[in-house]
Amino acid sequence: MRAHTEYLVMNTRKRHELVNITEQIADIVRRAAIGEGMCLVSAMHITAGIWVNDEEDGLKTDFMEWLDQLAPARPDYRHHQTGEDNADAHLKRTLVHHQVILPVTNGALDLGPWEQVFYTEFDGRRKKRIVVKVLGE
Amino acid sequence: MRAHTEYLVMNTRKRHELVNITEQIADIVRRAAIGEGMCLVSAMHITAGIWVNDEEDGLKTDFMEWLDQLAPARPDYRHHQTGEDNADAHLKRTLVHHQVILPVTNGALDLGPWEQVFYTEFDGRRKKRIVVKVLGE
Amino acid sequence: MRAHTEYLVMNTRKRHELVNITEQIADIVRRAAIGEGMCLVSAMHITAGIWVNDEEDGLKTDFMEWLDQLAPARPDYRHHQTGEDNADAHLKRTLVHHQVILPVTNGALDLGPWEQVFYTEFDGRRKKRIVVKVLGE
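First to last, the protein sequences are chains A, B and C. Taking our numbering, the leading residue of the first sequence gets 57, the next gets one more, and so forth. Taking our numbering, the leading residue of the second sequence gets 57, the next gets one more, and so forth. Taking our numbering, the leading residue of the third sequence gets 57, the next gets one more, and so forth.
Pulled out of the complex, with its shape left as it was, chain A reads as follows:
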């Protein structure tokens, strides 16, 4: 069994941002030199997530607006009594989920025809990490 771990550092210019990281993950899987296995991609900060969906601008805008309807930014969250202002970001991370497992087959990511991997940032403009761990043989 082999394991290979790397960390991606994200620092978005905007507070809310979707970043396609599919190629970066594919590169890590190549460096892992693992033929058959699983690749965990997990946002290590609790106001960001990982989303596997479509690289289509309209849908990406729909998606971020929809998250804002289900988990709106509001001043009156209890969490804000600590001085924070990002409770909605914690809830949005929950809806998106903060991690995925990507199958690795024949040494490469085994994705569906339209599956792309996105980092979903809901409280950006600062450095955050994603852990990528490939396990297999």
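Hint data in this document are derived by calculation from the structure and do not stem from the laboratory. Since this is a predicted model, take the numbers as computed values, not measurements. Be a bit skeptical, because a hint or two may be false.
Claimed, not checked - Under the rule of at most 30 Å between Cα atoms (straight-line distance), these lysine-lysine pairs were calculated in the DSS-like manner: (1) K70/C x K183/B; (2) K70/C x K116/C; (3) K183/A x K116/A; (4) K116/B x K116/C; (5) K116/C x K70/A.
With chain A fixed as given, assemble chains B and C onto it according to the hints.
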């Protein structure tokens, strides 16, 4: 370490459908001949998901109606400017999540007393794949 | 490759409860004696989930209230025609998701600075199990 990979091909008659795939997954785990490990079940198309919950008709109807309330089918999604009409299906997949990891213990699925595995289709009537990868020893 | 499996038994005093289980999971990972791997934490009952987020009282209250808005307890779910009264708990489990994979690096949980692991109970006051399986080498 061993790895075993199979693909299930789904082709639902209805556009929205819940399909119980627990037995098919259990069969794959048996064929994998792995005693201790993890079994990834992941929908490879971005308008379908995987749900672990109860095989009870009332709840299944409640579940699909509730998803339709949180992510309604509407004409005015931006995604539909591409000619698509399934933006709600992308959002529903996100709520359900598109994958699960099932533990494998003593050569079999290690599920709770009521846990059943469902394929959740939100834009069906065409062939789609699920990847099932068992990793362990 | 090594595998190590334990089950946590939960029995909350309240029907709805968030229980921080980070230390219990860290202890299991230590007992697993695995240097590099993945740790699956999965709620085996279909009215409970696993959440990775912030140990902050205000946010935890916000989170539970917000789940109650998105998946309210109501008498008129179809599931209740079976005699059950917990359909909302099944839906809340879906929003939270019922499992996470925690990376194990250098023999310990590899969590972000604020990541804490919670058991989210939506229909408690009875014994339920969580499966924790560590796979690696």
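Can you list which hints this structure breaks, lowest number first? Checked against the structure, the only hint that fails is number 1, while the rest are satisfied.
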